[in-house]
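So the chains spell out like this:
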Amino acid sequence: MIEVKNLTKAYGNFVAVRDVSFKAENGSILGFLGPNGAGKTTTMRIITGYMPATAGTVLIDGLDIFSQSLEARRKIGYLPENPPLYLDMRVEAYLRFVAKLRGVPRAKIESALDHVLEVCGLTDMPHRICGQLSKGYRQRVGLAQALIHDPPVLVLDEPTIGLDPRQIHEIRDLIHHLSGNRTVVLSTHILPEVSQICDKVVIIADGRVVLEEYLKKLPAGTSLEDIFLNAITKERHEDGASAEETLEEVGAGHT
Amino acid sequence: MKNSLTIAGKELSGYFLQPVAYVVMTVFLLLGGFFFFALLRYFEVTLTAYSAMQNPEVLQRLNLNERVIEPMLHNLAIVLVILVPAITMRSFAEEKRTGTYELLLTAPIRTGEIVAGKFIAAAAFMLIMIGLAGMFPLILVAFGNPEVGVMFSGYLGLAFLSIAFVSIGLFTSSLTQNQIIAAISCFGLLLLLFVISWPTQGGGGALVDLVRYLSLPDHFAQMVTGIIDTRDIVYFLSLIFVALFLTQRSVESARWR
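Read top to bottom, the protein sequences are chains A and B. Here our numbering is used: the first residue of the first sequence is 1, the next is one more, and so on. Here our numbering is used: the first residue of the second sequence is 1, the next is one more, and so on.
These are computed hints drawn from the structure, not numbers from a lab. Since no wrong hints were added, every one of them can be taken at face value.
Keeping only pairs whose Cα atoms sit at most 30 Å apart, straight-line, the calculated DSS-like set for lysine-lysine is:
#1 A/Lys75 <-> B/Lys96
#2 A/Lys23 <-> A/Lys5
#3 B/Lys2 <-> A/Lys108
#4 A/Lys5 <-> A/Lys75
#5 A/Lys75 <-> B/Lys2
Just the calculated beta-carbon pair ranges, DEER-fashion:
#6 A/Ser67 <-> B/Arg249: 18 to 24 Å
#7 A/His177 <-> B/Gly188: 51 to 57 Å
#8 A/Gly221 <-> B/Arg249: 53 to 59 Å
C-beta atoms are modelled at their ideal positions from N, C-alpha and C, and glycine is treated no differently.
Construct all of the structure, not just a fragment, from the sequences and the given hints.
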């Protein structure tokens, strides 16, 4: 469970994220959408404890990411925008290092390693040097790294970027299967991805939440694309239209 | 502690996955060997000259340690001013640039543990390198009869000096994501430690005393001449402590609101 509460982040005079709140329930996949520069990465960095918020907070399974940072961080698996690989290490050595860092008990490291190599399709790759892997495989190693300690909360920043269509399909399947009782937040700007695997969608634009809704509650017959475009343009025009209004309008337009 | 050792292990093996460590070690040992050879050769020439003059009093004062090991250690200390920044510049700057910093800072570990891990690895690297340079006095022991205690004290001084240097290198690396900036500012600070007492000649007062205390060559020279004084050890330990403390604050500052 992730609760984001009134998050605001300012870099000097520039406000990247403005009073963002949303909730991701246990066992659900939340799709975090927004145009480039909307504040997706900033929000995810705050959720994972990489950077502090100017105001507001985040609760990870009820633990505050600021005041109970270590305990909260223990629950998170995080794939940043750029997979955080040490380019001169071998895949296997790298994943073992992350496992230790994430507190996987020594006796369980080998089985955890085998497991993530298997699920991320890296069984042929353990001895390859990270820097020599293609973009798609780096992404997989990044995902393996986020999964190695079997975290209850997964934060994935554009997990399918740079992959070929087959890989995208595989990774989506993987994320879908992973969810189980995990909470997954993934950011993307590929809209079909959200309609395929997510339970809930949060759209932000210019640092504000413009829509938070369960996918099954979205008006029937409207494409996510319309909703998305409408939500972000509405935001630009009227600055702060409520989600309900946005939905109503889109729904009305198509029925 | 366990986390620090995990990071230290990764860092230390990381040094040897890159050619930089081998180049630094090779340069250090080659220059060390050159100094050793040149100084020993000069010592031999002097010895032959004084023997020919049949001057037993001067001959008595010719000391292998004073003439060979001491100047060699002083030269190696200067070499370290240039080599240490090359070793430590990557430590934080590279992680920030490649994004692995995000992995470290979101892992359930304290920033102190990250700094300690990187420090242990860099210090261990220096000890390995200086340990290998221990072959020079061993050659003297094998073929002559030098004062082992004095040589040990000198090497201990070089070890303390190198560990203080890497602490300062970690600090400058933690301030930037640009390795060149990290290396050059580290080099500047290290060189400053050598020359900081220059303007204090003939002066007095608390500030002058402080600046004189900060001057590294005096403390190092003491140990090289065989005097292990707690004041000098405290000097090196406090340099290490202050540099690591500042590094920890600098890394932690990423979490400040």
